[in-house]
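From just these sequences and the hints, can you work out the full model?
Going by our numbering, the first residue of the sequence shown is number 1, and it counts up by one from there.
It is possible that some hints are incorrect.
Listed below are the simulated DSS-like cross-link pairs for lysine-lysine, each with C-alpha atoms no more than 27 Å apart in a straight line [to be verified]:
1) K207 - K180
2) K191 - K280
3) K198 - K280
4) K162 - K176
5) K22 - K64
6) K49 - K226
7) K269 - K184
8) K197 - K184
9) K184 - K226
10) K81 - K22
11) K4 - K14
12) K207 - K280
13) K244 - K269
14) K81 - K94
15) K78 - K33
16) K14 - K49
17) K197 - K180
18) K187 - K198
19) K176 - K207
20) K33 - K49
21) K191 - K177
22) K280 - K184
23) K187 - K280
24) K197 - K187
25) K22 - K94
26) K14 - K207
27) K22 - K33
28) K78 - K49
29) K64 - K84
30) K280 - K244
31) K197 - K176
32) K49 - K94
33) K162 - K187
34) K177 - K14
Pairwise CB distance ranges (calculated) [what the hints assert, rightly or not]:
35) K22 - S139: 53 to 63 Å
36) E263 - K22: 39 to 49 Å
37) R39 - L83: 19 to 29 Å
38) K187 - I148: 46 to 56 Å
None of these hints come from the bench; they were simulated from the model. Backbone N, C-alpha and C fix where the C-beta goes; we use that ideal spot for every residue, glycine too.
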Amino acid sequence: ITIKLVISGTGNLKLISNPEIKFPDDFEVYDPKVDNQVRLTREGLTGNKVIEYLAIPRHAGTYKIPGVSFSYFDIRSKSYKTLKTEDYVVNVEKGAGNADQVIANFTNKEDLKVLGEDIRYIKQNEVTLQPKGSFFYGSMTYWLFYIIPALAFIIFFIIYRKQAAENANVAKMRTKKANKVATKRMKLAGKLLSENKKDAFYDEVLKALWGYISDKLNIPVSRLSKDNIEEKLRNHGVNEELIKEFLNALNDCEFARFAPGDENQAMDKVYSSSIEVISKMENSIKH
Numbered sequence: 001i002t003i004k005l006v007i008s009g010t011g012n013l014k015l016i017s018n019p020e021i022k023f024p025d026d027f028e029v030y031d032p033k034v035d036n037q038v039r040l041t042r043e044g045l046t047g048n049k050v051i052e053y054l055a056i057p058r059h060a061g062t063y064k065i066p067g068v069s070f071s072y073f074d075i076r077s078k079s080y081k082t083l084k085t086e087d088y089v090v091n092v093e094k095g096a097g098n099a100d101q102v103i104a105n106f107t108n109k110e111d112l113k114v115l116g117e118d119i120r121y122i123k124q125n126e127v128t129l130q131p132k133g134s135f136f137y138g139s140m141t142y143w144l145f146y147i148i149p150a151l152a153f154i155i156f157f158i159i160y161r162k163q164a165a166e167n168a169n170v171a172k173m174r175t176k177k178a179n180k181v182a183t184k185r186m187k188l189a190g191k192l193l194s195e196n197k198k199d200a201f202y203d204e205v206l207k208a209l210w211g212y213i214s215d216k217l218n219i220p221v222s223r224l225s226k227d228n229i230e231e232k233l234r235n236h237g238v239n240e241e242l243i244k245e246f247l248n249a250l251n252d253c254e255f256a257r258f259a260p261g262d263e264n265q266a267m268d269k270v271y272s273s274s275i276e277v278i279s280k281m282e283n284s285i286k287h
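See below:
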C-alpha cells in the first residue's frame, strides 16, 4: 500500500517534518521516501514536498488507516490552521497458497520475503567443532588467549597517547591560525563581491564566520549551531553585545541573498560587518 502526500506552498519546505501516519499494528511499515521539488522565485522558495509512505499488510482483513493531519501558520489570517485527509479503509484479500508471500521493493529498505508464518531469514553456516579435550590448561592456545589481549591493550594505549599528543598540537595550531584562515576566506569573498557572484560570495562569508569560530574554539562545525554558540562564546569570555553582533552577521548573510532591494549594497554591508566582527572576536576570545 502506497500513500502519497503532497505539501505545496512558499517557504523552506525542506524543514517541514513528515506528517505521521498511524498504520495498523499488523502492517510492515517502511521509511517514507521524500522528494523536495523546490525552486527559487521572486516570492522566495516555492514548490512541493512529496512524501511516499509504503506499508505491507501481513494478513488478510479489513483495516482502517486514520486520516493525516497537517498544521501550518496562515500569514494572511495570522492564525494556525489544520488540514486533515479522510480516513482510509483498506480491504486486504488472502493470496494464493498456504503461506503469505510478500515481496517489497523500496529504496529505503532491502527486499523482504516472508517464507513462513513465523520464521524468516534462515541462514546456514558451516560450524567447526573440536574434539573434547583438545583445549587444555597450559597449552600454547591457552596462553595465547591471555598474552594477545594484553599486548593489544599495551599497543592501543601507546597509540592513544601518541594521537592525544598530536591532536593537542593540531588543536593549538588551529586556534593560532583561525584569524589567518578567516582573513584568507574573506579576501576570496571580496573578490567574489567585485565579480558580483552573489551565491558564491555569501557561501564564502558563511564559511569564514563558522570556520573562524570552529578553529578558534577548537569545536567541529558540525557541533556548532545558533542555539549553542552563545553558550560556547560566553564560556570563552565574550560579552553579550559581541555575541549578538556575531549572530546578526550570520543572519544577515543567510537572509540577504533572498531579500529584495539593492544587492550590491546588501553584499557590501555583509562583507564589512563580517570583517569587523571577526576582528572584534580575535581580541575578545580568551583561552
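To see whether the hints hold, each was checked on the structure:
1. Under the criterion of a C-alpha separation no larger than 27 Å, the hint pairing K207 with K180 is consistent with the structure, at around 13 Å.
2. Taking the CA atoms of K191 and K280, the gap is near 23 Å; set against the 27 Å cutoff, the hint holds.
3. Of the supplied pair hints, the one linking K198 and K280 holds, its CA atoms being roughly 26 Å apart against a limit of 27 Å.
4. As the CA atoms of K162 and K176 are separated by approximately 22 Å, the hinted pair is consistent with the 27 Å bound.
5. A threshold of 27 Å between alpha carbons decides the hint, and for K22 with K64 the separation of about 10 Å falls inside it, so the pair holds.
6. Proposed proximity of K49 and K226 is supported: the alpha carbons are some 26 Å apart, at most 27 Å.
7. With a CA separation close to 19 Å, the supplied pair K269 and K184 stays within the 27 Å bound.
8. Pair hint K197 plus K184 holds up; C-alpha atoms about 18 Å apart against a cutoff of 27 Å.
9. Under the criterion of a C-alpha separation no larger than 27 Å, the hint pairing K184 with K226 is consistent with the structure, at around 24 Å.
10. Of the pairs offered as hints, the one joining K81 and K22 holds, with about 21 Å between alpha carbons and a cut-off of 27 Å not exceeded.
11. At roughly 17 Å between alpha-carbon atoms, K4 and K14 fall within 27 Å of each other, so this suggested pair holds.
12. For the hint pairing K207 with K280, the CA-to-CA distance comes to about 18 Å; that is within 27 Å, so the pair holds.
13. Our distance criterion of 27 Å between C-alpha atoms is met by K244 and K269, whose separation comes to about 17 Å.
14. As the CA atoms of K81 and K94 are separated by approximately 41 Å, the hinted pair breaks the 27 Å bound.
15. For a cut-off of 27 Å, the pair hint linking K78 to K33 is broken: about 32 Å separates their Cα positions.
16. This hinted pair checks out: K14 and K49 have alpha carbons roughly 7 Å apart, not beyond 27 Å.
17. A distance of roughly 23 Å separates the Cα atoms of K197 and K180; the hinted pair therefore holds under the 27 Å criterion.
18. For the proposed pair K187 and K198, the alpha carbon gap of about 15 Å is at most 27 Å, so the pair holds.
19. Straight-line distance between C-alpha atoms of K176 and K207 comes to about 18 Å, which keeps the hinted pair within the 27 Å bound.
20. Simply put, K33 and K49 have alpha-carbon atoms about 11 Å apart, close enough for the 27 Å limit, and the pair holds.
21. Only pairs whose Cα atoms come within 27 Å are accepted, and K191 paired with K177 is accepted, the gap being roughly 22 Å.
22. For the hint pairing K280 with K184, the CA-to-CA distance comes to about 17 Å; that is within 27 Å, so the pair holds.
23. Distance restraint check for K187 and K280: the Cα-Cα separation of roughly 17 Å lies within the 27 Å cut-off, and the hinted pair is therefore satisfied.
24. Simply put, K197 and K187 have alpha-carbon atoms about 14 Å apart, close enough for the 27 Å limit, and the pair holds.
25. With a C-alpha separation of about 23 Å, the suggested pairing of K22 with K94 holds against the 27 Å cut-off.
26. The hinted pair formed by K14 and K207 meets the criterion: a straight-line CA distance of about 22 Å does not exceed 27 Å.
27. Of the supplied pair hints, the one linking K22 and K33 holds, its CA atoms being roughly 16 Å apart against a limit of 27 Å.
28. Pair hint K78 plus K49 holds up; C-alpha atoms about 23 Å apart against a cutoff of 27 Å.
29. The suggested pairing of K64 with K84 holds, with an alpha-carbon distance near 15 Å, which does not exceed 27 Å.
30. Annotation: proposed proximity of K280 to K244 holds, straight-line Cα distance about 12 Å (limit 27 Å).
31. For the suggested pair K197 and K176, the alpha carbons sit about 31 Å apart, so the restraint of at most 27 Å is broken.
32. For a cut-off of 27 Å, the pair hint linking K49 to K94 is broken: about 35 Å separates their Cα positions.
33. Using a Cα cut-off of 27 Å, the hinted pair K162 and K187 is violated, with the two alpha carbons roughly 36 Å apart.
34. The suggested pairing of K177 with K14 is violated, with an alpha-carbon distance near 36 Å, which exceeds 27 Å.
35. Range check, K22 to S139: about 60 Å between beta-carbon atoms, so the 53 to 63 Å window is met.
36. For E263 and K22, the Cβ-Cβ distance of about 47 Å falls inside the hinted range of 39 to 49 Å, so the restraint holds.
37. With their beta carbons about 23 Å apart, R39 and L83 fall inside the hinted range of 19 to 29 Å.
38. For the pair K187 and I148, the beta carbons lie near 54 Å from each other, so the given range of 46 to 56 Å is met.
Checked against the numbered hints given earlier, the structure breaks hints 14, 15, 31, 32, 33 and 34 and satisfies all the rest.
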